[in-house]
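Residue numbers (the numbering used here), protein chains in the order written: chain A, 1 to 350; chain B, 351 to 1040; chain C, 1041 to 1360.
It is possible that part of the hints are untrue.
Listed next, with one range per pair, are the computed distances between beta-carbon atoms [unchecked claim]:
| id | chain 1 | residue 1 | chain 2 | residue 2 | range |
| --- | --- | --- | --- | --- | --- |
| 1 | B | 423 | A | 100 | 45 to 55 Å |
| 2 | C | 1182 | B | 399 | 49 to 59 Å |
| 3 | C | 1334 | B | 572 | 37 to 47 Å |
Only pairs whose alpha carbons sit at most 27 Å apart, straight line, appear in this in silico DSSO-like list of lysine-lysine [what the hints assert, rightly or not]:
| id | chain 1 | residue 1 | chain 2 | residue 2 |
| --- | --- | --- | --- | --- |
| 4 | A | 116 | A | 164 |
| 5 | B | 421 | C | 1074 |
| 6 | B | 421 | C | 1139 |
| 7 | C | 1218 | B | 396 |
| 8 | C | 1304 | B | 421 |
| 9 | C | 1304 | C | 1074 |
| 10 | C | 1335 | C | 1360 |
No lab work stands behind these hints, which were simulated from the structure alone.
Think of the CB as a built atom: it goes at the ideal place given N, C-alpha and C, for glycine as much as any other residue.
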Amino acid sequence: MTDTNSTAPAIAVEGLWQVFGENASSALRDARGAGDDKAIAKELKEKSLIPAVRAANFEVKSGELFVIMGLSGSGKSTLIRCISRLIEPTAGSVRIDGEDILQASDKRLIDLRRHKLGMVFQHFGLFPHMTVADNVAFPLKMQGAGKAERRARALEVLELVGLKGREDTYPRNLSGGQRQRVGIARSLAVNPDIWFLDEPFSALDPLIRRQLQDEFLNIQATLRKSIVFITHDIQEALKLADRIAIMRDGEIVQIGTPEEIVLHPVDDYVAEFSKDVPKGRHACVESILMDGIPDNMPDDPGIKVGMTLDTALTKCMELYEPVPVRDAAGKVIGAVHPHELANALQAEET
Amino acid sequence: MSAAEAVPVSGGRKLELTRGSQAALFVLAVVLTCRLLGAQFEWLVKWPAALTVPMTDWMTWLVGGFLDVFKPIARAFTFLVSYPMEGVGWLLNALPWPMTVALVTALGWIIGGLRMAALGFFGLMFVVFSGYWTEGMNTLALVAVSVPLALFLGTAIGIAAFEFPRVKGAVNALLDVMQTVPTFAYLTPLLVLFGFGPVVGLIASAIYAAPPMARNVLLGLERVDTEIREAAVMSGGTRRQQLFLVELPAATQQIMIGVNQCLMAALSMVIIAAVIGGFQDIGWEVLLTMRKALFGQAFLAGSVIVVFAIIIDRMSAALAEPRPQQDRKVAFGILGAGLLVTLWSVIAGWSPSGFAALDGVAAWVDTGVGSFTGNHGATLDAVKNTSMFYGLLPLRIGLAEAVLPFTWGFLWTAKHTAMLYGVAAVISLILILKGRVTAGLVVMILAYVAEIGIAHLAWPVVIFGAGAIGWVAGGWKLARLAVTLLGLVLISGLWERALLSLYLSGAAVFACAIVGGALGLWSAMSTTAWAIIRPICDLLQTIPLFVFLIPVLMFFQIGEFSAFLAICMYAVVPMIRYTRHGLTSTPDEILEAATASGAGKWQTMFEVRAPFAAPTILLGLNQTILYAFAMLVIAALIGTTGLGQSIYLALGQADVGLGITAGAAMAILALVADRLVQGFAEERRQALGL
Amino acid sequence: MTTFLKAGLSALAVSAVAMSAQAADLGATDEPIKLALNEWTGQHVTTHVAAEMLRAAGYEVEFVTAGMLNQFQAIADGDIHATLEIWSSNVSDQYAVLKGEGKVEELSDLGLAAREGIAYPAHVADLCPGLPAWEALKDCAMNFATAETLPMGRLVDYPADWGTPGADRMTGLELPFKAVPAGSEGALIAELRASTEKKSPLLITFWQPHWAMSAYDVQFVDLPAGEDACFTDPAWGPNPNAINDCDFSASRIFKAGWPGLKDKWPAAHEILVNYQLAVEDQQPMMGAVDVDGQKVEDVVSAWMGENEAKWKSVVDAATK
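Let the sequences and hints guide you as you build the complete structure.
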């Protein structure tokens, strides 16, 4: 076990491959000679193997909410199952707090799961034969916690997710939103450092989804977990993420902040995603600061750092000259041209 | 190639051969070879005796060795099992009958309220009044020990198959064997192995009842939602914790279906176990009364098993469903009433054994059967003769032998043979010209079967015919399986008997398919019909099969027709059930779409429901085939020939080798038929995207 | 039901064959002697009489319900100690094997006179004039014809596992009958019942004593006497070219037991060996059970009380 220190990333994924099919690992080894990752994947496909995750590389910082986004079949669910080692990756390494969990023994893995990892599933994965409280307390039971202790902790977490008073009902008597609250509560029961969420809100109605997203952000604001969050919904990704990884055909095509994804998509695929996104609502003025600050700026509509493009634009609708951007203290730290503001927003309409 | 898009060949268009027509062409070639050259080369028709392998002797030797080795272990097991068995038997007999009735009624109340309580009460009171209380309790004791054994065995097998995917194939094959080898075939080895007494019956019924449990456990585990599984993993459970705390409980519903089927199977075996004797239970009673050909009494004794089956079935089914809490005071009240009646019966000295309040009814039924036979003798004979002359006889020995002045009014000659093939050729040609090549070729093959009869079919026709069907239904793998397995029967020297079995069960399956299909259709169309047919189906499936042999015998005497009827009575049930189920379970959306398109009731039935139900109906046919083979052995009791008789003979003579070999041959026939039909069902399912 | 009920004895008598046997040790009187109860009433009567005799000698007796054909393994294993009515005409091969290995001991004949033969219900005599003489069957075979047997008459033979004695007779005597195996005793009885109800023709292989003999007024066909030569010498009998051209040879009914019986319960062994029973005594008891519906225990104990002379001497010879 490697030393863990606070500066190490919570999760570090390097060269992670997941290939499905017979003799996948030897086939992957043979295919390595083919050249870059694309060539390797091509060669694997020709052998009718399926490279579901290709050479994934990324890090999740401690306390960061890292979203992996992609269409169905892009390999995002496979990727999160590799990181949590629900399935065995074909090659590569996954370090959690510096420890390579792919090398961990079964015993160590069980230990990690009992204390350090929590996971929420798309269709909740609740145990139908247990009450809500028993579901939530199940990971504690695995830890070997006593009955009273389990019950107390379960009630505590259930209160956190707003299910106080429902502890003795069965999952079948709950609505979808309530079930996922149970799922969330269960994953938090052992107070894990690392939190995996596999499309947790995808199966819910839009209204409930928004509500749970907000609550999720609240919980995260207090708990500050290191999170890997899977979604196929760009809006959700942009709303929640500190950083987003976009996947296509098993490959991570771009990693960046919501803003970077929206304003600087690396290719058409990513651009296509953010096409319908009202960029003005996600990008901030800092992202389109001019090089240097003009000496003479006649207008000062009061643009501040952190202001979204939308807000900024409404403030300088009638203006044609660069305007200053000030920080919280009121100091001018840059300038934007209203023309650029409009351009940045127009991109989405094409 | 459907008729609609077919183009007449006359246009010089080359005929396209589908998979089916290629197979039919191949079989027709085999048929022609055998028919034309059979006279010169006898080995083409009849497998030379010199090439048969003394498989029976080998089996005797092999099994004998096996039995010697395992006998001490088995005897130790017998010793262990006899304790719980005697214990339960003692308990059930020591418990005063009013208390047992009260307990079951109270249990019924807690499980399912008034309805279940009434079922338990009236059911057990029927047993009290029938005078078979002691026998009934002994039977229950047997079931009470064999079922847990079967449940344990089944669960273990199911879990093993799930945990080690490598052995899954082998386990499935084992389960098939356990279910298709007739029980009679392994009773003798069991007797040698486990010694004499009720324990053998117990083990036989556990062997028979375990497979449905194993299958349902496996299915249940496989159907547990992946995320539930993963949630257990991510909670940090060890594999054992995952399995026992999460996966098995999550599969409860499916497993309860297995428990239910296991109970039913164990009950139905009770009677067969009685054949080897050693127990004063219901099975023995049925056998004793059957020996005297007293239908009424046998039916009464058999009804006790039916009553047990219904109570256990309904209560265990209700157990699997969520239920409202019942007032426990009522349960205690029932128990209290039971206690009072107990006191009364002790003081009054009344005991249900030998009470027999229903014997009058039994005697009346019995006399009824007798006088019906007497009054309608001529009609019954006419029914039997017509069916024999025009149906069964030609099917078995072919028109060439069955058509005689006595039967059809004229003698079959070469002229008639030529006419038969001529007519077949014309029909066949018309069909082929219409583009239905497969149908045309099949007509020619059928003409051969009609002339020769199933019992005289040349062996290459049967083996390669099955192979060809296998190839169409499931590719080379299935074809290889069919040919290999049937080849084993061929060289074992049991071939002729196997053909006789094939003929009788084939005829029965054919009749069941038509009659059962029609009844299923009727049940699907009318709820009234189903309300009548359903209890009959229940009765036919749970009452000891032996019981029905008596009236059939009285009406139609010993012989193939009686056997045929007995097999049909039993095997028609799944056909009815599955047909109805398939036809009524069409998704609502599809039906609405049909209605919206303006389809009438019958149009919907034939254009929408029927095609959608095809895989389910095929599954029903599959079950019918298995049931028919199972009943074939029992039909040997009314004097059929074929493998059933061999198995029976072996049981009587304690000939282990013959029993096992004939049992295996029977299982092979059933397995091949099963796989072929399943192949077609699978193909249909995929075509419908199910 | 491979097992058959071949019995229905009709009369019973313990022949007080004068015995000069020495009084033997009682042996282990605290352990029960287990007697097999097979599937037919006559055997129940036979067994209960034996049980009462053993009890009179001071033994404990238990009954074990057992199938006729499968009981021998149990006897070899010592799970059953004796079975008292075995018919030589249909004893399983296993018996011969076990007896040969010394695992089962034969305990002498029971003394019950039995007869097997080709039979018919009385009304059939009208359908085939000339019966009971066997020659009559030559001419009226077609009256017995059915769909399965055409163009021959139909003979309902024993179930296949009892052998094919009926078919052998037909071949030996060159009678135009095809034998159809019955499958079970119940099937034989059903045939008799149906034939009686319908007044239809029936030729059947049957035996006596059996309750059905009187219930359906069954008559035997007169065949040439079944002498030993008939079964070995083709020249013997009406058909100079075949064996089996005669009636059945006389059946033997005997007892068998566990080889350890003699050492463990010497007196019981002696009682069972000397136990004899005749048709005339067994028949009324069977009637009382099968026709009047009385319990075997009651019928037997009544008989034991009234006929002490017929069994007491056997018990006394062994114990005093």
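Hint by hint, here is what the structure shows:
1. B:423 with A:100: 45 to 55 Å: Since residue 423 (chain B) and residue 100 (chain A) have Cβ atoms about 49 Å apart, the given range 45 to 55 Å holds.
2. C:1182 with B:399: 49 to 59 Å: 35 Å, violated
3. C:1334 with B:572: 37 to 47 Å: 60 Å, violated
4. A:116 with A:164: 25 Å, holds
5. B:421 with C:1074: Since the Cα atoms of residue 421 (chain B) and residue 1074 (chain C) sit roughly 23 Å apart, the hinted pair holds (cutoff 27 Å).
6. B:421 with C:1139: Holds - the C-alpha atoms of residue 1139 (chain C) and residue 421 (chain B) are around 20 Å apart, at most 27 Å.
7. C:1218 with B:396: Measuring from Cα to Cα gives roughly 24 Å; hence the hint holds.
8. C:1304 with B:421: 25 Å, holds
9. C:1304 with C:1074: Status holds; Cα separation ~13 Å.
10. C:1335 with C:1360: 32 Å, violated
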